[in-house]
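Chemist: Protein chains in written order, with my numbering: chain A, 1 to 669; chain B, 1 to 669; chain C, 1 to 669.
Hints listed in this document are in silico derivations from the structure and should not be mistaken for laboratory results.
A hint or two may mislead.
Given that identical chains are not distinguished, each listed pair holds provided it fits within a single copy or across any two copies.
As the list claims (entries may be wrong) - List time: in silico EDC-like cross-link candidates among lysine to aspartate or glutamate, alpha-carbon distance up to 20 Å: (1) K441 / E284; (2) K268 / E258; (3) K606 / D294; (4) K178 / D61; (5) K552 / D647; (6) K178 / E232; (7) K538 / D103; (8) K552 / D357; (9) K178 / D432.
As a plain string of letters, each chain reads:
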Amino acid sequence: MTQSKSTPVPHLQLGSCDYPEHVPQDRWVPYAQQQKELGLSYVRIAEFAWSRMEPRPGEYDWAWLDTALDTYHAAGMRVVLCTPTPTPPAWLIRAHPEILPMDAQGRVREFGARRQYDFASPVYREHSRRITRAMAERYGTHPAVAGWQTDNEFGCHNTARSYGGASAEAFPGWLERKYGTLDALNTAWGNVFWSMEYTDWAQIKPPNLTVAEPNPSHVLDFYRFASAMIAEFQAEQVAILRELSPGRFVTHNFMIFETGFDHYEVAKGLDFVTWDNYPLGMLEFFAPPGSGEDVKTHFARTGQPDLIAFNHDLYRGLLGGKNALGRNGAGTPNGPWVMEQQCGQVNWAPFNPLPADGAVQLWTAQAWAHGADVVSYFRWRAATMAQEVMHSGLLRHDETPDRGFTEVAELDTTQFPVGEVSAKVAVLHDYDSLWLYDEQKHSANLSYWTQTLTYYMALRGLGVDVDVIHADADLSGYAVVVAPAITLVSKERAAHWTAAVQAGAKLVCGPRTAFRTPGGETWADGQFGPLSALVGAKLLQYDSLRPTLSQKIDGDGGQFEAHAWAESYRTQDAETLYTYAGGPLDGQSAVIRNGGVTVIGAHSEKLVGSVLTGVLADADVSMTPLPDGVRLSRRAGRTLLQNWNPDAVTWNGRRLEPVSFTVLENGNG
Amino acid sequence: MTQSKSTPVPHLQLGSCDYPEHVPQDRWVPYAQQQKELGLSYVRIAEFAWSRMEPRPGEYDWAWLDTALDTYHAAGMRVVLCTPTPTPPAWLIRAHPEILPMDAQGRVREFGARRQYDFASPVYREHSRRITRAMAERYGTHPAVAGWQTDNEFGCHNTARSYGGASAEAFPGWLERKYGTLDALNTAWGNVFWSMEYTDWAQIKPPNLTVAEPNPSHVLDFYRFASAMIAEFQAEQVAILRELSPGRFVTHNFMIFETGFDHYEVAKGLDFVTWDNYPLGMLEFFAPPGSGEDVKTHFARTGQPDLIAFNHDLYRGLLGGKNALGRNGAGTPNGPWVMEQQCGQVNWAPFNPLPADGAVQLWTAQAWAHGADVVSYFRWRAATMAQEVMHSGLLRHDETPDRGFTEVAELDTTQFPVGEVSAKVAVLHDYDSLWLYDEQKHSANLSYWTQTLTYYMALRGLGVDVDVIHADADLSGYAVVVAPAITLVSKERAAHWTAAVQAGAKLVCGPRTAFRTPGGETWADGQFGPLSALVGAKLLQYDSLRPTLSQKIDGDGGQFEAHAWAESYRTQDAETLYTYAGGPLDGQSAVIRNGGVTVIGAHSEKLVGSVLTGVLADADVSMTPLPDGVRLSRRAGRTLLQNWNPDAVTWNGRRLEPVSFTVLENGNG
Amino acid sequence: MTQSKSTPVPHLQLGSCDYPEHVPQDRWVPYAQQQKELGLSYVRIAEFAWSRMEPRPGEYDWAWLDTALDTYHAAGMRVVLCTPTPTPPAWLIRAHPEILPMDAQGRVREFGARRQYDFASPVYREHSRRITRAMAERYGTHPAVAGWQTDNEFGCHNTARSYGGASAEAFPGWLERKYGTLDALNTAWGNVFWSMEYTDWAQIKPPNLTVAEPNPSHVLDFYRFASAMIAEFQAEQVAILRELSPGRFVTHNFMIFETGFDHYEVAKGLDFVTWDNYPLGMLEFFAPPGSGEDVKTHFARTGQPDLIAFNHDLYRGLLGGKNALGRNGAGTPNGPWVMEQQCGQVNWAPFNPLPADGAVQLWTAQAWAHGADVVSYFRWRAATMAQEVMHSGLLRHDETPDRGFTEVAELDTTQFPVGEVSAKVAVLHDYDSLWLYDEQKHSANLSYWTQTLTYYMALRGLGVDVDVIHADADLSGYAVVVAPAITLVSKERAAHWTAAVQAGAKLVCGPRTAFRTPGGETWADGQFGPLSALVGAKLLQYDSLRPTLSQKIDGDGGQFEAHAWAESYRTQDAETLYTYAGGPLDGQSAVIRNGGVTVIGAHSEKLVGSVLTGVLADADVSMTPLPDGVRLSRRAGRTLLQNWNPDAVTWNGRRLEPVSFTVLENGNG
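Construct all of the structure, not just a fragment, from the sequences and the given hints.
Modeler: Shown next, in the form of structure tokens:
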């Protein structure tokens, strides 16, 4: 994209998501003015408004949107305009039912909510381009328009993949382009295994409804295909926006822990990344590793800080670079943004508690500290109709200010200067590994996220800042690189990591690292495949521990217990730091080290924390061990000291009020 | 219906459900005589016998049914004859598979059990009228026939709604008749929300298989449509029976806690209402609010008394009037009846314990005290074939008397005179509110029934008699009116309640009252919408409490704890009786009062009991606080004192034997 | 089959399952040699190799299989060759999609794993015969081929029954051949019950997707039909193998606790039976009666001994005879075999722990003691591709010996002479009873297996050897016959049992015995139907106990508690041994005896143990009460003393090491 013409933004800016089409037009002017008065700069609109832009096929109605944009502009608000493709209208779906996606159970997913389309549908692609072009032609250079959001929350409601229709038709061709010959595909997938060899591309279908579990290589390629369809779908919109809306950014709002597609691939054409941050709903669905109802209760009104922070760090790293003020022009917000920030109760979890007093401010401050340049609250006024009437906004149904409004009004954003987040530790992430890990778990309690978050949370508990980056990203500048669950290690990736270690980085790997090939098989020479020389060891055993079983571990750092997973090694060059005690792994190596590489074979929160402490110390990374719920995050020379606990905590001689933060100028003092 | 010619019935009568077609004909005479000897007056037959009445298309075989009716008549038994429409025969279904309903997953529901029809099917409607007419022509004036039951248990097995086929075809037309224009429908449903606006009636389908949750307004109208189809279906049968069977009653047997249709609408054309009372199966599926396995265990062999009583009171109030001896002719039983009364183990719960000694008598006595004129046991003899072989009857498989038979034989029904149930307290009920409540719960633990039963059980625990009536029913004569969960309050309903309060009634409302409009949106001026002036307050916050969170409440009546739900208010004219303490609602109003109206914002069994006690005292309603499992119910000048506990209880100086009752002549002494 | 020409095998032999098609050809010679060196005699191959035998329609490629067989032969290995029908190739399925089965939800089960065929498909039958003939023609007399395995694990992945397609088409014809007339079928099924009577054979479909539960008689016949389709399918292969491969055995590998078909019917044409023994995966899915997580944890690394033993005893008895060395020629292994023996972690349970040290040896020893002549480990080398990469083999992915390899290498099989297992106690088993029991459980916690294993485990805990045989099998020679859950008792079966009792056997029956007719109805004269005279009593009540309820039982043997189920009796000739105390069964008969017949009406592990102890003593059957996890099994004059506990146990003055066994020469000393 070209340079933005906007003026410098020295500190965090705020926004909200508004839906002029949901309210009478006489509310538009007062709403825009009230937003400005509250200190908001941005407003995101129109992502679900297709039926109002084009009420009937080819009949566009821009009048209302013209007025809305002019109204925001007059009030001094900058608009993020969205392509309305998450919600194809009824007339389009009924004219072209082949647009509808199919779920993994073989059921057509119907019109009546949102996201009712198959990314691979050529018909829908055409209409997506058409409506995008129509919008961009009309508003591409509108002065109110700061930038664009493509569609909305790709993958929401499990829509990343369609198991029939257009996707089923497109899948074989995608495979043919990838593999060239069926022999190559059959070999890559190991189709000899159960006579699954294909003799015609057209024989290949999505990997659902198979009698037993499908071939993981088949699944892996189907996931890659589905991901590619999303990337293609978005790229078509981006190209049109680039052409017709010069100087405006293009972004997308990604979701919490979404796994339906390779976010790195899909983010590639964007200027920056945004995501939608709902800390309370997230926690209801997702307990941190090793915890349960107690943690869900303790943080029920704030969210668990590390789950949120992980998403901030993940999305900050999605485009591969450090975020920094001005990439898109001096002072331009360049992400990551929080495009939708919870500011009251949500409506989509089994239980939807109110946020604690101060939580909206704390979430905003944390977003800043983890790199956000803009935080935009969802939504301006609570909807009075349809699916989301139980979801709060900054205004209540009756237009009075709700709790979040008050907290935003009282927040001083000048304490949040934009600038670099600078981390010396990188946690590696990779969607291929995630898919392989979770497709064949072997232990129902050990998922990719569980494994990854165990390491991430241990680092955060040590007060260390972390970048979450792609497993193939540039590793220069990192003192410590952590690969908690990168089970897919190609020869190239092994070489890349080896170079980083040779350059002085410390590498810490979790279990199942380098177990799988890019095709989804296992390395024929066993774990660690091409990484074996670097690790100086081979896999000995792995043990999938049922919840009622644990495994003792002994070492210089003390005694620990593994749960869910324990794997052991045959050391060659490596030395053994920890040893299993008792059970079938008795006396075998649990943690090994070979020069700059440490491998932790056991799943154990405390062991991971202990080993990481040692590695960080060796790497001269400064640590500040923190109590539960207290966290430190640093940006632009300031440190955000946070207390996420519902009670006051005394830490380092300082009283931290419940659900509060302090911005410190120098380090973590 | 015209006057019945039957003679006066001064006390409760008994009956049973019999299936002559299931046994050899030589059993018919002895069975009928044995029924009479046992003291039964009524026998219900033929609801599943279509394949015997019409073995092949158009070939009727009445001989066996002639004989059966004559046999019962000769024995002095009065027959409730049923239309056999719950079980269309194979020849009809295979000739017209379009009769079959579709489930919400899009699967055609198949022949092979019962209820395999779509209420909207024009083909099935025609056959329903045809078989009804054929039966009515033959038996409409048969002297054995006391009355008719339409079909059987509408909605059983989740059949109230069909999500495809005939219902899907009829739904758009029903909507067009309701709304006139698509603009009206789109506005009423808030279809702008996610571009769900329709441009053609034919675009509208049932609200299933949508990608995300469907629009609640769409759901609400689909439920109303499905309910209307049932009402129409039955009305066609009723019209034929009225024409051809003068002087006979027409009724239907409704089910426990069934929510698939608006029972008030469906009951409209009937003479009286009957229902099917299975206390033990009900309890396995449905724990009372705030309880769990302990209560299920304690009452495993009797059922929980208030769950049963609620259904009695609900069905007594379905036709809007007080039941009273003689509405259909002097001494005629005019309902409610229990058409099927459990009299031994059932077969359809995960666990099916034997009833306690005395339970069959206790159930019968309770039914009487809550207004039943007839109790009919299911079934005469245990079936030796097919789906229900594990279900007991009065006779065992081997024709010997089972436990229930003995209890019936020993029961003196002359202690149960028929007459009025006279309650000063009304609990309001409304299926639209139920549907809206449960479609968008916001707290997985707070359903409409949970909320409603909390208030009902508190009243029963205070020894107060209760009518359960429609939210728009005549409120005159009630000292206290309780609206536990009437979330839909139209302007007309608000005016109706306001008039009742102005006339002196005390009104008590639960949370979420008057939150929603008749269209299923929220009031744009927020809760309490058109009821705001009466309540003298507006909603402030609502908090959906996860099971591990609670919320303290303080007030003059003491300290309480809310769970599942807590909502607070901005008082205008209202005063605050209870205040929340701690958490995000700290200091906010929990219970408010404005003149005759009290609103309880928190879900708390004990708080509800305390507030209701105060309101009842203010209204001069006499209370008798009762221990767990001890209950009082009054009818026709007598009081039924019941002990539902498995152990003896001493109450008021009187020893109550386990699972027993006593009829007292004067009040509750 | 004709006499085998192999030489005598005086002791247990070993084997493994190998997949030459999965590895480069240069591995074949070393693998075969290594197998021989390890002491293996047998190798099973090719059950999933259709796509390599016939890469395209009619184009056979035998070269690789020729080489493989020659390689094994050269190494001195004997081959079990398999028909590859569990895995029809893609070209066949896509050319004939009508081969695919349909699940009970109406979904076509797709290509992409294995077992994607409907046993009733005439098209697939033709191809099954064709590929079988092609293999048999080529290898029927190959010197390496010791015998054949048909297909693989019939019923795996719930494939025994297809609810549509070919099965749906064939079902009516099968019924017509069975019943002759629709009147006969309607009567047998009790179709009058809900007007389910058919007027045309074509009206009858599989019993799925019915609105409510289907008729159990309909279900029972559908299960019998599906079972018959499997038997027919296999018989066609067996006939071809008999014709073209003289002197070779034909067998099939059955599964743990599989219930999808009547194993007695399907086994009929085989020479002997084999089964696939995965003790750890089995335990994750199947807790022994009355136990839960504690037992799953205690035996997590060994499996629970009685669950495994039951399957050994069941499969040993499948062909009706005692196993004995030489039935198929002097010294020929004649089964049962363990065709697939777990030898490391599996991959298909939620948790897949490593076996304890010694477990592989213990499993092998136990298999021998329960009659196995051959134990064949699954699999030779862990697969590096596709669905089973997480499953272990004797070799690791990297071809180094894994734990199981080491245990096998150290095992002395000469201590395991083949010979007879001689039991004086028979436990009766019958798939019709199983289907009826579980189709209409009445208590969610009481299944057929639960009931059967309660008795079996009590016997094993008394140190008694047991045969598990068909309910109609020859009972001569048994001192005690136990019928834990034979609910279907025909007149013929009643006569058969009566004769056995008259001949001196003691018969012990569990609850619900003789409740049902062969058609799936109940006996019209009630339980015990035709067995009533022998039992000398009739059923009085049955009580389905929810998990929080129990029922006390008193008798000379002490006090006990029933859970899940309690039934009582009206004694005629029988005497009462135990009586219920309290509750609705108070004072009623719980255990009754009439001469040689004892009936235990209550589900109670301890009561069953106590009553069986008395009966065994009366029958002069020697008992050795054993502590938990210690077991005795006898074969060929030797006794295998086993300790399955993870800790050492002192028993009878002898220290038993953890997870160990000892072979004793004389009795159980």
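Chemist: Could you place K268 and E258 in one of the four classes (within, between, both, neither) given a Cα distance threshold of 20 Å?
Modeler: Close inside one copy (17 Å), not across copies (51 Å); limit 20 Å.
Chemist: Should K538 paired with D103 be assigned to within, between, both, or neither, using CA atoms and 20 Å as the limit?
Modeler: neither (41 Å within a copy, 43 Å between copies)
Chemist: Evaluate K178 and E232 at a C-alpha cut-off of 20 Å and name the case that applies: within, between, both or neither.
Modeler: Within one copy only: 15 Å inside a chain, 44 Å across chains, cut-off 20 Å.
Chemist: Please sort K441 with E284 into within, between, both or neither, judging by C-alpha distance up to 20 Å.
Modeler: Classified as between; 16 Å across copies, 23 Å inside a copy.
Chemist: Regarding K178 and D432, is the shortest C-alpha distance of 20 Å or less found within a copy, between copies, in both, or in neither?
Modeler: The answer is within: 16 Å in one copy meets 20 Å, while 52 Å across copies does not.
Chemist: First find the shortest C-alpha distance between K606 and D294 inside one copy, then the shortest across copies, and answer within, between, both or neither for a cut-off of 20 Å.
Modeler: within (18 Å within a copy, 26 Å between copies)
Chemist: For K552 vs D357, is the C-alpha pair at or below 20 Å within one copy, between two copies, both, or neither?
Modeler: For K552 and D357, the Cα distance is within 20 Å only across copies (17 Å; inside one copy 42 Å).
Chemist: How would you label the pair K552, D647 (within, between, both, or neither) given a Cα cut-off of 20 Å?
Modeler: Between. Shortest inter-copy distance 17 Å satisfies the 20 Å Cα cut-off; intra-copy 35 Å does not.
Chemist: For K178 and D61, with the copy left unspecified, which applies at a CA distance of at most 20 Å: within, between, both, or neither?
Modeler: Answer is neither; intra-copy 43 Å and inter-copy 28 Å both fail.
The structure shown violates the earlier hints numbered 4 and 7.
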